[in-house]
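J.: Sequence:
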Amino acid sequence: MRVKVLGYNVFQKGGTSQSNLNLVEALVDAGHDVTYVNFVGFQQRHLQTLKQAKEGALAGAQVIAFRGIQSLLDTDMLIFTRESFFNMASEVKQHDAHIITLGEIHGPLAYLSEETDLALEAIDAVRVSTPAIAEAFKERYDYPYVFPMYVNTGHIAWQPKSHNENKNLVMKARFEDEVKDISYALKLMRYAVHTRDVADIHLYLQGYGPALELYEQLITYYALTNNVHINEVLPKDYVYLSASPYETLGFSIIESLAEGQRALVYPGNDNVLHDIYAPYHAVDFIAKDLETDFETMMKVFEKTDSSSQQQEDQQQYETQFVTAGYADRLIAQTTEMADTHKIQVSALPKPKRSAKQQYWAGQRTRIAGKIKRTIKLPKKVTHNVWTQRASRAVLLTEARFKRLKRQHGVRQDYIFIESFHGKNFSGDPKYIALALQRQHPETTFFVSAANSFVDMEIRSYGMIPVRFGSRDYIQAFDQCRYAIINGNLWDKLTKQKDQQVIQTWHGFPLKRMVNDLMNPEERRRQAAQFKPRMLKWDVLLASSRQYERYVTSAFDLNTHSSLRIFPYGAPRNSYLLRHQNDAIERAAVQEKYLFTKDVKKRYILFCPTWRQGERERVSQLDLVTLLETLPSNYEVIVKLHPNEGHLYPTYEAIHPRVHCFDNAFVDIQELYLLADALMTDYSSAMFDYAHLQRPILILDEDTETYQQTIGFYFDMAQLTSIQRVQPDAVQVANSILQTTNVDHSDMLAQFMTFDHATSDEEVAAKIWER
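Counting from 1 along the sequence shown, just add 935 to a position and that's the residue number in my numbering.
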């Protein structure tokens, strides 16, 4: 039989490339006439290099580069090994209805976008990895012509050996954190090295991809430069670690087992890897709980398997994966399903993109990428304000053309979220998004992110990060029915008539803003800039009538007659009210930020307000003296204002019991829940924190000066339940230790009247009704 196999790039390392090589070898060995079609163009030297690196690779097969539909014809069977290629099946069938088409699903179903055109009406059969995946595919796509069969693992030679004790972890993967979750492995390393004091543990990462920079940054942030090694020589003995949320097989796991290594495997959110590897003695499973996984890992490091256990594992592998006549069995299963799947070629729709168009699109993308990699412009050009403006202009023009081309309304099940212009994922937008996610699980959330640290946080909630100001950012906003923000929209975004902008703002206005500023010149300047942005809002949240009065004056809301005020409270504070006395949630937050669970620890959260002009420290208060005055179980968490993030290294290194985090990781509501007392100056943090009925201290350092230059909406002396203290370490320590009972009820009744435990759910429901 003539068989063609279409793959993306067999010259690129990875599990799919290896399985394609194995498939071609099996087909050739079975006597079939095989042509491998590489979607990415290549040169003969690439082929020679591959054959030298992998003996026998593609031997006996013709290897050609994809050039369009003609590359896929003149065959009896065509195998697509990438889901994005399935849509070429219609065009193939329209040219030659006798060609049998097989689609192979190599990626997890969870990562298969609903927008991907699988053209199943033109695919004779689909192969997936396991019976569970087959059933899930049938149900999701209402497509019965699917069968389970593992990829060919012919390259693996089982070589059992004695496994020596070691503390080496190895991960081999493409560096895509949303797919491989290597960041969790780095958190586990941080916990092992710095919380559990295991200094001789090492993690070796082998791979390439877009998350390399993220991993390098995390290694530095977690102080793991002596323990984590990227693309270095692997040790002789190690434990393979897989943390992927979803996998269909995990070639590197099998390869490691075959080499006589042990493996630590996350079973997968869909439990697929548990189903595959549970029978193996050499495999243990992690749960993505730091404390539990650390204990499991340390036991695995000390484990050794008997020769009988290794033999049993080898027998399990051979039973599970070694299939006699693999190629003929694959062809037989496909042909059998093709005989029952009667495809009406005349009824097949015309492809949205022809094979030739896909070829040219791929060429353009690769050429653009090559130019970007090879031509490095100096920073004085790339960072030049005019270069950046020109780049943004191109993106915006492109977005307008695409918007006109789509010519359909925005989608209600697409929601755009932005907290602090993408600097972190927190505040009301986050908690509204989580409520909407619970109420409408099918909804897709695009969340603004300023950097890869914020990406990590967003992905941990099953949402999609989009880089602030990028092409993806503009396109995501254009598609969304709702935009939920706590600052103003980026001025370059164009709000469409069917879109709703939900403005939550950020915190209670203690300090005067915009139209209420004391300085007349600054007031006029800010008001002129603010008004057109305010007029884009459709809804504004309110936490009390007092709040509503202040923001109406500050933002001149009376000039916006169609603006709707939602008097349902601040969704961010529902988290505090629900978990106020929740020891389990507090322990989870403690582990997230401090990599420990210690109920004896007491934390003081210090939230200083930003001052204009750069400064070397945020307060006159001596934090080291404060800690030396307090009992040894007290620690300080410094939450810097985003505009003073440059001080992070200073405060992180000041004392072992002072903690400071990169703002990209921080949700301050979680730090409130962790803190036993709040220390601030003029931050609106005091109003949210009051819900917890814990001590609040106001540092009285430059109150009079601040009142004259910026101004307050009311005299803070009215807040009788909070303590005003001088920046004296002994006085502050005494106030913290002596304050046992507080009652912020009067403060909450006046300023946070509407807040309640289900504000997030109520606001989410009201938004969805609009």
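Hints are computed from structural coordinates only; laboratory data are not their basis. A few of these clues could be false.
[Claimed, not checked] List of simulated lysine-lysine pairs, DSS-like, C-alpha gap at most 27 Å:
no.: 1; residue 1: LYS1223; residue 2: LYS986
no.: 2; residue 1: LYS1102; residue 2: LYS1446
no.: 3; residue 1: LYS1277; residue 2: LYS1171
no.: 4; residue 1: LYS1171; residue 2: LYS1234
no.: 5; residue 1: LYS1305; residue 2: LYS1073
no.: 6; residue 1: LYS1471; residue 2: LYS1432
no.: 7; residue 1: LYS986; residue 2: LYS948
no.: 8; residue 1: LYS1427; residue 2: LYS1471
no.: 9; residue 1: LYS1471; residue 2: LYS1535
no.: 10; residue 1: LYS1285; residue 2: LYS1305
no.: 11; residue 1: LYS1446; residue 2: LYS1432
J.: With reference to the structure, classify each hint as holding or not holding.
T.: Verification of the hints:
With a C-alpha separation of about 40 Å, the suggested pair LYS1223 and LYS986 falls outside the 27 Å cut-off, and the hint is violated. Of the pairs offered as hints, the one joining LYS1102 and LYS1446 is violated, with about 54 Å between alpha carbons and a cut-off of 27 Å exceeded. Our distance criterion of 27 Å between C-alpha atoms is broken by LYS1277 and LYS1171, whose separation comes to about 54 Å. Restraint check for LYS1171 and LYS1234: satisfied, since their Cα atoms lie roughly 19 Å apart, inside the 27 Å limit.
A distance of roughly 40 Å separates the Cα atoms of LYS1305 and LYS1073; the hinted pair therefore is violated under the 27 Å criterion. Between LYS1471 and LYS1432 the alpha-carbon distance is near 10 Å, which keeps this suggested pair within the 27 Å criterion. This hinted pair checks out: LYS986 and LYS948 have alpha carbons roughly 14 Å apart, not beyond 27 Å. For the hint pairing LYS1427 with LYS1471, the CA-to-CA distance comes to about 13 Å; that is within 27 Å, so the pair holds.
Distance restraint check for LYS1471 and LYS1535: the Cα-Cα separation of roughly 49 Å exceeds the 27 Å cut-off, and the hinted pair is therefore not satisfied. For the hint pairing LYS1285 with LYS1305, the CA-to-CA distance comes to about 32 Å; that exceeds 27 Å, so the pair is violated. Proximity of LYS1446 to LYS1432 is assessed by CA-CA distance (about 34 Å); at most 27 Å being required, the pair is judged violated.
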